[in-house]
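Q: All chains, please: the whole structure from these sequences, using the hints.
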Amino acid sequence: MSPLAFVLDSDGQAINSLDDYKIMFADGTELGWAHASITSRMLNSCGPVQSSSGAIFQWSLKLDEQSDSDSWRVGTPGYLTGAMANGEGTWFARVLYLDTTPQHKDQPPVIPFLAWTKDTSLAKGFHATNTSGNRVALLANDMQSNLRGIRPYPYKRDLEGGNFAGQYDVMGGDAGYLALDCQFVKVKRLARWIRGDEGRDPSEPYKP
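Quick note on numbering: our numbering labels position 84 of the sequence shown as 1147, and the sequence is numbered without any gaps.
Since the hints were made in silico from the structure, they are not lab data. Mixed in with the good hints there might be a few duds.
Stated by the list, open to error - With a cut-off of at most 20 angstroms between alpha-carbon atoms, the simulated EDC-like pairs for lysine to aspartate or glutamate come out as follows:
{"hint": "1", "residue 1": "K1251", "residue 2": "D1074"}
{"hint": "2", "residue 1": "K1249", "residue 2": "D1133"}
{"hint": "3", "residue 1": "K1125", "residue 2": "D1205"}
{"hint": "4", "residue 1": "K1125", "residue 2": "D1083"}
{"hint": "5", "residue 1": "K1251", "residue 2": "D1072"}
A: Set out below in structure tokens:
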């Protein structure tokens, strides 16, 4: 099968379920935990963070299933799970999804945003195509399985004296289908983490 039939990493190799990746942007930032707000809805938002502070991702064809080697084919939706370090230096993992939950029951859905969750049923997958320079154009299915683009936008948190005050870039869903330009960069770790870790209490020490 032609290499162009697969979604490619920064080395021009097919993105594989057995490998770990950073998702990087042209300015050197990485996709990670945005810490945009202490509200229950925005606390788990995803956005660009400084170099070496992003999540380590695994791609998978299906969630809640351990698989052998799978490669991401162009046109086939896949799922992204990110592993991150907490403040105590241990690791925890969450599934990435496009949140379209209204802030209140009687309100229409707000602008969708990329978020982290332990509930794998919320995730509806991502689509990707290859662009020049071994870069990837990334699109997401929202919670209603509508395909959307992904664009960064500023979220300002005014909490005087609080740890989360300031302006953060979060990743929002774009109805104009503008894809997120990024690059999957393969990384190596001393210990292998598994997708089942997304249900683990972050306070528990990481066990390879």
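Q: Are the Cα atoms of K1251 and D1072 separated by 20 angstroms or less?
A: Between K1251 and D1072 the Cα gap is close to 14 angstroms, so the pair holds against 20 angstroms.
Q: Is the Cα-Cα distance between K1251 and D1074 20 angstroms or less?
A: holds (14 angstroms)
Q: Given the hinted pair K1125 and D1083, is their Cα-Cα distance within 20 angstroms?
A: It holds: about 16 angstroms lies between the C-alpha atoms, which stays within 20 angstroms.
Q: Need the status of pair K1249, D1133: alpha-carbon distance at most 20 angstroms?
A: Distance ~15 angstroms between K1249 and D1133 Cα, so the pair holds.
Q: Within 20 angstroms, alpha carbon to alpha carbon, are K1125 and D1205?
A: holds (16 angstroms)
Checked against the numbered hints given earlier, this structure breaks none of them.
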